[in-house]
Amino acid sequence: MDWSFFFEVLIGGLLAGVMYSLVALGFVLIFKASGVFNFAQGAMVFFAALIFVSLHEKGWGFPSAAAATLTAMVLLAFFVERFVLRPLVNQPSISLFMATIGLAFLIEGAAQGLLGAQVHGLDIGIPDVPVQVRGINISRFDLFAAAFAALQVALLAFFFSKTRIGRALRAVADDHQAALAVGIHLEHIWVVVWTAAGFVALSAGILWGCRTGVQFSLTFTALKALPVLILGGFTSVPGAIVGGLLVGASEKLAEVYIGPKIGSGIENWFPYVLATVFLLIRPEGLFGEKRIERV
Amino acid sequence: MIYREAGQFKATYEKDQQIFPIRQDRIVFAGVLIAGFVLVPLIGNDYWFNAILIPALILSLATLGLNILTGYAGQLSLGTAGFMAVGAFAAYNLMLRVPHMPVLASFFLAGLVAAAVGLAFGLPSLRIKGFYLAVTTLAAQFVIEWALTKFGWFSNYNPSGVISAQKMVILGYRFESPVRRYLLTLGVVSLLALAAKNLVRSRVGRSWMAVRDMDVAAEVIGIPMLKTKLLAFGVSSFYCGVAGALWAFAYLGSVEPQAFDLTRSFQILFMVIVGGMGSVLGSFLGAGFIVLLPIFLNVAAHSLFSGGVSQSLASNLELMVFGALIIFFLAVEPAGLARLWQTGKEKLRVWPFPH
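Quick mapping for you: the protein sequence lines, in order, are chains A and B.
All residue numbers for the first sequence refer to my numbering, where the first residue is 1 and numbers rise by one.
All residue numbers for the second sequence refer to my numbering, where the first residue is 1 and numbers rise by one.
Hints should not be assumed to be uniformly reliable.
As the list claims (entries may be wrong) - Here are some chain A residues the structure puts well away from chain B; computed CB gaps all over 10 Å:
(1) F62
(2) A173
(3) S217
(4) A249
(5) S250
Stated by the list, open to error - Pairs of lysine-lysine residues, derived as DSS-like cross-links and limited to a Cα-Cα distance of at most 30 Å, are as follows:
(6) B:K227 - A:K32
(7) B:K347 - B:K197
(8) B:K347 - B:K10
(9) B:K129 - B:K227
(10) B:K129 - B:K10
(11) A:K261 - B:K10
It is worth saying that the hints were derived from the structure and are not from the lab.
All C-beta atoms in this analysis are idealised placements derived from N, C-alpha and C, irrespective of residue type, glycine included.
Turn these sequences into a full structure, and let the hints guide you.
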């Protein structure tokens with residue numbers, strides 16, 4: 001076995017996994033704070049990336065385009081709170097999940113209807129060229145993405161543990177009613193958390209957009225975040241990171257080493273099957289809390 | 001005044017347990033059946049059969065299948081289209097490889113094959129539930145689509161993975177014209193809908209609903225979890241499989257695995273939501289609504305904007321309307337169109353009084 005090739009595939013997979021983690025992070029944020037499994041996260045990634053790239057193509061600079069996109073994501077958060085979450089409060093979580101599928105359709109339709117469906121290239125000035133580390137090729141862009149993701153996770157961790165609103169978020173995640181009782185506004189928290197998810201969506205969208213171009217298939221890439229969540233558990237930020245790395249590494253290794261034996265293209269479904277098998281052994285995920293059921 | 005059950009006494013258990021205990025319901029239902037089997041074939045044209053009635057009926061069947069699993073047994077599935085694909089390809093291969101295979105038998109066996117696949121993917125439901133289960137059914141969707149594309153044997157080594165359905169001949173009658181294909185579809189769908197209606201009112205259906213409402217409690221009162229959940233997966237996949245076979249044989253004629261992609265699964269899930277979770281009638285209402293909606297939108301767009309709108313804008317508008325409708329239905333009428341129908345009947349019963 002060629003070990004340097006193995007490590008090259010492994011590291012490539014891990015770095016690709018970082019990108020999955022970024023998308024999964026958005027899911028986790030919303031699930032933690034509102035118990036909503038947000039299927040529209042992929043659509044939000046696409047939406048954010050499309051706004052960003054359209055503005056950039058109109059001649060806006062990166063900072064102003066990013067600022068405008070963030071504003072749009074804040075507006076989206078208000079919209080979602082008012083028209084999706086508020087009417088559906090106290091519904092079973094499965095209804096909320098299906099509502100976010102509807103939301104995904106709404107966002108996708110709006111994004112393509114307003115901004116067009118063609119593929120946009122995006123280049124933020126970091127070349128996708130390999131650097132040699134001990135004879136192993138590593139993409140410079142992937143390294144940048146990993147560093148960026150790490151920075152973002154650090155910021156989120158700081159936000160959650162040190163700021164007032166972050167503590168309010170954690171209180172809501174712990175117990176809705178107790179949080180309400182001590183005077184936390186659920187509506188505000190939802191807007192904040194959807195905004196945060198929108199920010200994460202933008203950064204994921206930009207990184208993915210550089211890699212694959214900003215196009216509709218971004219929403220499918222985001223589906224890969226689902227097995228990531230399964231592996232990591234729905235409520236754990238470190239879980240999202242570790243799960244992303246696991247999925248990224250395993251799908252690339254499977255494609256390279258198992259793929260030739262049973263047919264190529266298995267990386268499209270391998271993470272899902274991995275997640276299913278994993279669930280059979282540990283239903284609450286790597287870092288998820290064990291559920292106790294009462295009748 | 002006209003819709004009132006006063007004077008209709010149920011003197012026997014059979015009368016008490018029939019599907020439509022009220023005479024007016026029976027008359028309406030008989031009217032619908034006569035219209036479907038006699039009137040529509042007489043007055044319908046090919047466009048109606050090919051573009052609306054046949055797909056709506058087949059999708060109703062698939063919706064019924066998902067409704068059994070999600071609406072009655074409470075197990076969310078995003079792999080419906082995958083099981084349809086299994087049915088379509090199984091029917092094709094049975095017709096291709098088994099000599100003198102009767103068409104209807106191949107549909108039935110295709111349903112059984114889909115049920116077997118559904119059982120395999122339903123196994124994790126014993127350990128996991130809710131969103132986690134949604135991801136494993138997503139695995140079913142992707143694995144099935146991949147396998148059907150990848151292994152040439154399934155499509156008889158067609159280079160693009162397309163299968164061309166064989167001619168349907170039953171007892172010497174050739175089912176080729178749109179009217180005949182419509183009648184065949186309607187027959188199969190009616191039979192299976194009747195079976196489903198009886199199944200969900202039976203012991204099995206009641207244990208499904210118990211599992212849906214609270215599975216731990218259901219287990220405590222002695223409902224076997226393994227049997228009940230797997231049966232729901234099996235029956236649901238059987239319905240989806242037959243629907244898939246009909247989709248290939250009676251509707252499109254030739255299909256590729258991509259005709260059964262994730263979008264189709266979502267479409268069927270939407271039909272369940274819009275029609276009403278846990279309702280046989282709702283499956284038909286939901287499917288009809290979602291098949292007709294794009295056509296109405298198209299007509300409306302053409303009449304609103306003279307000269308018509310561009311194709312891409314129209315399809316994006318359609319997406320948005322679908323999304324908004326789903327949210328609207330979940331917020332305003334979570335029980336779907338079937339509930340509206342019920343409310344209408346209640347109102348009619350006390351008419352002309354408000355209560």
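These are the hints, each one checked on the structure:
| no. | hint | verdict |
| --- | --- | --- |
| 1 | F62 | holds (27 Å) |
| 2 | A173 | holds (16 Å) |
| 3 | S217 | holds (12 Å) |
| 4 | A249 | holds (19 Å) |
| 5 | S250 | holds (14 Å) |
| 6 | B:K227 - A:K32 | violated (34 Å) |
| 7 | B:K347 - B:K197 | holds (24 Å) |
| 8 | B:K347 - B:K10 | holds (23 Å) |
| 9 | B:K129 - B:K227 | holds (16 Å) |
| 10 | B:K129 - B:K10 | violated (42 Å) |
| 11 | A:K261 - B:K10 | violated (66 Å) |
Checked against the numbered hints given earlier, this structure breaks hints 6, 10 and 11; the rest are met.
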